[in-house]
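K.L.:
With these hints in hand, go ahead and build the complete structure from the sequences.
Going line by line, the protein sequences match chains Z and S.
Going by the working numbering, the first residue of the first sequence is number 11, and it counts up by one from there.
Going by the working numbering, the first residue of the second sequence is number 2, and it counts up by one from there.
Hints are not guaranteed to be accurate.
As the list claims (entries may be wrong) - Computed cross-link-like contacts, DSS-like style, restricted to lysine-lysine with a CA-CA straight-line distance of at most 27 angstroms:
(1) K62(Z) / K78(Z)
(2) K87(Z) / K118(Z)
(3) K58(S) / K118(Z)
(4) K78(Z) / K58(S)
(5) K87(Z) / K70(Z)
(6) K62(Z) / K118(Z)
(7) K87(Z) / K66(Z)
(8) K58(S) / K62(Z)
(9) K66(Z) / K118(Z)
Said to hold, decoys possible - Label-pair restraints from in silico Cβ distances:
(10) T54(S) / T36(Z): 26 to 32 angstroms
(11) T22(Z) / R64(S): 38 to 44 angstroms
(12) F28(Z) / R31(S): 36 to 42 angstroms
(13) T21(S) / E18(Z): 31 to 37 angstroms
(14) N72(S) / E52(Z): 24 to 30 angstroms
(15) Y11(S) / Y49(Z): 36 to 42 angstroms
Hints were generated in silico from the structure; no laboratory data involved.
The C-beta atom is built at its ideal place from N, Cα and C for all residues, glycine as well.
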Amino acid sequence: GNSVTQMEGPVTLSEEAFLTINCTYTATGYPSLFWYVQYPGEGLQLLLKATKADDKGSNKGFEATYRKETTSFHLEKGSVQVSDSAVYFCALSARLSGGSNYKLTFGKGTLLTVNP
Amino acid sequence: KAGVTQTPRYLIKTRGQQVTLSCSPISGHRSVSWYQQTPGQGLQFLFEYFSETQRNKGNFPGRFSGRQFSNSRSEMNVSTLELGDSALYLCASSLGGITDTQYFGPGTRLTVL
Numbered sequence: 011g012n013s014v015t016q017m018e019g020p021v022t023l024s025e026e027a028f029l030t031i032n033c034t035y036t037a038t039g040y041p042s043l044f045w046y047v048q049y050p051g052e053g054l055q056l057l058l059k060a061t062k063a064d065d066k067g068s069n070k071g072f073e074a075t076y077r078k079e080t081t082s083f084h085l086e087k088g089s090v091q092v093s094d095s096a097v098y099f100c101a102l103s104a105r106l107s108g109g110s111n112y113k114l115t116f117g118k119g120t121l122l123t124v125n126p
Numbered sequence: 002k003a004g005v006t007q008t009p010r011y012l013i014k015t016r017g018q019q020v021t022l023s024c025s026p027i028s029g030h031r032s033v034s035w036y037q038q039t040p041g042q043g044l045q046f047l048f049e050y051f052s053e054t055q056r057n058k059g060n061f062p063g064r065f066s067g068r069q070f071s072n073s074r075s076e077m078n079v080s081t082l083e084l085g086d087s088a089l090y091l092c093a094s095s096l097g098g099i100t101d102t103q104y105f106g107p108g109t110r111l112t113v114l
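P.N.:
Put into structure tokens, the structure is as follows:
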């Protein structure tokens with residue numbers, strides 16, 4: 011079935027450090043890939059997405075490239091800020107094998123803490 | 002535009018009872034999806050409704066059901082509650098469905114005693 015594996019946290023960085031959160035996936039067909047973020051006390055919100063191979067999603071200085079050959083969608087940011095402290099979820103939307111049923115599958119989430 | 006709203010925000014029930022949660026989507030969105038979030042299992046997809054029809058379904062038992070009304074508002078029902086049903090239940094709305102960007106509500110925190 012479809013699955014998402016993302017690096018376990020927590021991740022603690024100093025302000026202006028480089029961030030990478032790894033995400034790999036297993037899916038049927040051609041999934042759409044997403045990064046969602048959950049800031050403290052707030053609901054989940056979309057950070058970026060990519061819908062086909064080699065697409066790069068970007069938002070708020072974050073980037074992720076859809077790599078079909080390595081089935082990965084790693085999240086990166088060149089210089090993190092304290093305000094980036096949150097839980098980050100990698101997710102995919104893909105058809106379940108053998109049918110027309112789609113499912114949205116999330117990774118376990120990675121807690122990022124950025125210290126000043 | 003108003004965001005996704007969920008009611009109630011907190012709920013305490015006992016084992017064996019049933020519960021109904023409500024979700025109002027963003028105006029114009031016809032798709033509503035439901036998710037269960039727990040520390041152990043993370044975020045899991047329950048089902049999606051689009052124009053009053055269940056279009057996609059996750060791997061949850063039949064005790065979990067839902068429906069969508071003509072105004073796109075959705076309800077989720079859980080019957081015969083178990084301790085393991087304690088979780089944050091999130092709903093999300095979108096224009097086209099679960100392949101589109103999901104806009105999440107704040108969630109309903111259900112505690113089963």
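K.L.:
Checking each numbered hint in turn, tell me which of them this model violates, lowest number first.
P.N.:
The structure breaks only hint 15.
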